[in-house]
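Colleague: These protein sequences, in sequence, are chains A and B.
The first sequence runs 1 to 363 under this note's numbering.
The second sequence runs 1 to 586 under this note's numbering.
Calculated directly from the structure, the hints in this document are not laboratory data.
If a hint is listed, it holds; no wrong ones were tucked in.
Pairs of lysine to any residue residues, derived as SDA-like cross-links and limited to a Cα-Cα distance of at most 25 Å, are as follows:
hint : chain 1 : residue 1 : chain 2 : residue 2
1    : A       : Lys8      : A       : Ala223
2    : B       : Lys321    : B       : Glu125
3    : B       : Lys547    : B       : Ser268
4    : A       : Lys173    : A       : Tyr228
5    : B       : Lys321    : A       : Phe13
6    : B       : Lys547    : B       : Pro64
7    : A       : Lys159    : B       : Pro202
8    : A       : Lys8      : A       : Asp21
9    : B       : Lys324    : A       : Ser57
10   : B       : Lys355    : B       : Phe383
11   : B       : Lys321    : A       : Ser57
12   : B       : Lys321    : A       : Gln54
13   : B       : Lys321    : A       : Val76
14   : A       : Lys159    : A       : Ala205
15   : B       : Lys324    : B       : Arg217
16   : B       : Lys324    : A       : Gly14
17   : A       : Lys159    : B       : Thr214
18   : A       : Lys12     : B       : Gly323
Not close to chain B: a few residues of chain A, all C-beta gaps over 12 Å, as computed:
hint : residue
19   : Glu30
20   : Gly143
21   : Glu257
22   : Glu279
23   : Ala298
24   : Ile329
25   : Asp337
26   : Ala340
27   : Gly342
Stretches of chain A that chain B covers, calculated by requiring three or more beta carbons in the stretch to come under 8 Å of a beta carbon on chain B:
hint : region
28   : 68-79
29   : 91-102
Positions of the beta carbon are idealized from the N, C-alpha and C atoms, including for glycine.
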Amino acid sequence: MSNVVLEKVSRKFGEFVAVSDVDLRVAEGEFVTLLGPSGCGKTTTLRMVAGLEQNTSGRISLGNEVVSDAASGVFVPSERRRLGMVFQSYAIWPHMTVFENVAYPLRVRRRPAAEIRDLVSNALRLVEMERFAERPAPALSGGQQQRVAIARALVFEPKVLLLDEPLSNLDAKLRLQMGDEFRAIQRRLGMTTLYVTHDQSEAMALSDRVVVMDQGRIQQVGAPEDIYRYPANRTVAGFFGNPNLLNASVEACARLEGGRVQLDVVGQGWQGRCEAAAEVPPGQTVTVMVRPEDIRIAPAATDKDGLRWSGRIAHTIFRGPTRSIVVEIENGHLNVDAPAFGGYAVGDNVTVVVPQHAAWAVG
Amino acid sequence: MTLSADDRVADIAPARTRLPHARRFLNGAPAGRVVGLTLLALILAFLSVYPLSMLLYGSLHSTPPGVAGVFTLDGYREIASQQNLLTLLNTVGIALAKTIPSLILAVLLAWILARTDTPFRGTLEVLVTLPFFIPPILTAMAWGMLGNPQVGLLNQLYQGITGSTASPINVYSYGGVIWHMMQYSVPFLFLLIVDAFRAMDPSLEEAARMCGATRLRTFCTVTLQLMLPALTGAAILSFIRGIENFESPLFFGSPAGIHVITTDIYDSINQRSPPQYQYATAISFVIMALMFLIILMQWRILRGRSFQTVTGKGYSPGVMKLGKWRWATFAFCALFFAVTVVLPVSQLLIGSFFKFFGFYEWDMLTLEHYQAVAGSSEFWRAFGNTMLLGFIGASLTMLLGGIVAYVSVRTRWRGRRLIDTMAWLPWMMPGIVLGVGFLWGFALLPHAIPIYGTIWALLLAYISLGTPLSVRVMSSAYGQLSYDLEECSRVHGAGWLQTMWRIMIALVWPSFAVGWVLIFFGIMRELSASVLLYSVGSEVLSVVLLKLWANGSAEQVSVIGLIMMAMVIVFRWVQLRVIKRWIGAL
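Bound conformation, chain A alone (with noise of 0.2 Å):
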């Protein structure tokens, strides 16, 4: 069963389209990410989902409720949504403790105060904030505020979590630590969850599956390690680390099992052998991305399969666990990601392979 479904969902704002056709399910206790650089409709599409913005077309349904529907006037506005929703500021109120803060969706409902306070003490202990109740919120740091902003959205069990760029906020280190807290009461409560970032580290760490949008549309849908390692096209290529990304034309094209093709492609001054996901014919160009660390340089030319170049180390950039070396081949340079301390030295003639499996070509 979905529990968010998304039927060619479209936002404008005068002539400017936000979000323009947006298909997505998402299934119940799933963890899936919309990521996109900033302005790709991406928060649009969650505040749609939360009803902060009305869709100007299309459908949008929660559990089996329609919620919001253009074409036949539907709009049930948030607050009987039943949505859990985490701000990218937090929205914590200042005029009211952390308990008050936490309490205040089940005093909307009329709960019994009794319950309200086990409830209350349950999500913030759920987030390890249980010390810090009585807290006027102002006190707290933004870490805290984040806490109690999760515990807040927890307390009323809603039916669908929303959270607009949480992390953005906060420190580097703290980023982590509390991405993973995320994930680990997200799959222990099986909550379904709808995030939104424009951290591509975070939507693979995170996500069971990511949305990745640009422009308004959805670029490409699936798990974190497919869309890393094939992407659909040059944006989504782009977006994921720092592909090198090489212009070349298909000499020949073959099936493999698994539904993928392999690919004969003739670069300027390389040639060799890469994959693909569907068929190309002969003589169109295409894009293909090897990323740095699937590299390696190699002394001799022994693997026949893959890709191959020579060139000449430009520079290197120590960087702790890897070393990032330019070499400089014909017509260009590959960034390629070497051990950091392999002993290699700039203005040294290498070698540099790719195995096939590793070189994804796109249109």
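Please build the complex by placing chain B on the supplied structure of chain A, with the hints as guidance.
Modeller: Leaving out everything else, chain B in the frame of chain A:
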């Protein structure tokens, strides 16, 4: 800008991070700076401590200024009467009675103009705040004509429509005093609170909606609660303004026998023979004690209760779609403007063209009042004086405020607290009290310094009255500038003076301009101190208006009122158009 400018709340200077290198200057301050600071302290002392101590001296001295006498406590003994208890109750009661409805109206207007999709909100905002800039003496006179129980235009209209002979409206009453004060305090409160409505982080409200609260519940439990500190602060300020108010009780209270402290001070000097200076100064201390108590209370209530709800994110707050009700809210704002501006201005317009006030017949139309005003040397002298005082006064006040604010906000110089406090002192003194203080002060100066009875007496009083405001405007301007800007300029080789000129002044001068216009408006509408300190030759427009009004020349009052009104509109236009554009360009 007016928000921070009029805000006495933030006057308790918070501990700021100071320039680290400024600490060096503490040890062995250069002689030039010592001289400069001493001079600054002396100027401020003359503008605030001197009139204050003269008030104390006068309240203990049995004779008028400059006449030999003895020290007695008679002044204070006289105060303790039953009549004065009523005066005190009137003062506090009227201030309270006008604050509460004004606050409700201001919240309503702020909500309509900041948080709904009412049409023409931008224009409406300019219009409903206009009464704040109109000198109260103008609207007082216009309403004196409109709501006159015998010949008032509103009563004539009522009688014409209903055919009855009753006069339902009488502005010479408690209601009239309160109504007139409200016309000023609604826009005043609006300007103070509208930014709080506008700048609130919308996610605070959205979070409540997501938690299941309805719009109404969200407004009551979140929006309003978050506004509460701002509303309380604004209400207390408005209450203080009500206690200081002079024009409304003078015009509508005194004729009906309703006295408040400010009019009592005025009457005891101007309406009694011989003038009772000792009584006036003693009662001035009473009103200052009252103000001091309120300010203390304000500090207590507001300490640590200001919520930072503004985020850096450029969200626009949630605007409520009102549907067809938006025309109702539009009509409400338009009505407020019509009643507070259009009605009085029309009265002035009508009054200026008819031969006699109250008799509106076609054959009574005339231009003779315009000719009379144009030919009146007194008017032109007063016009020149007002302009001169406005330009010089606003410039000097802002300059002084800029220096004081710089010393107190951006340096760690020894004595900066003293300077800040002295500049703040006049905040506690209503115009009439400061007027009394200066009256004594100037009279007791040696004859070699002939300030008393000259235009410079008014100038000094205006500077004193305006300094707290100018310090506030400039402090907030400096406060927004990061120290890096100043330090960066120094590191890159600019001297202190060059840094001031190229960086500081270049960055704060829009605030300077805004403050300048505010002070200019303040001087143009000042009446209570002027009426005590003017003498023949140094009248200003507000005093001439009052004299004409007292002589019964309501027709010429209308003409001069219209001229002043035109000046207000021109200056407000300049402020909105030109200065806002400069600021926008920065």
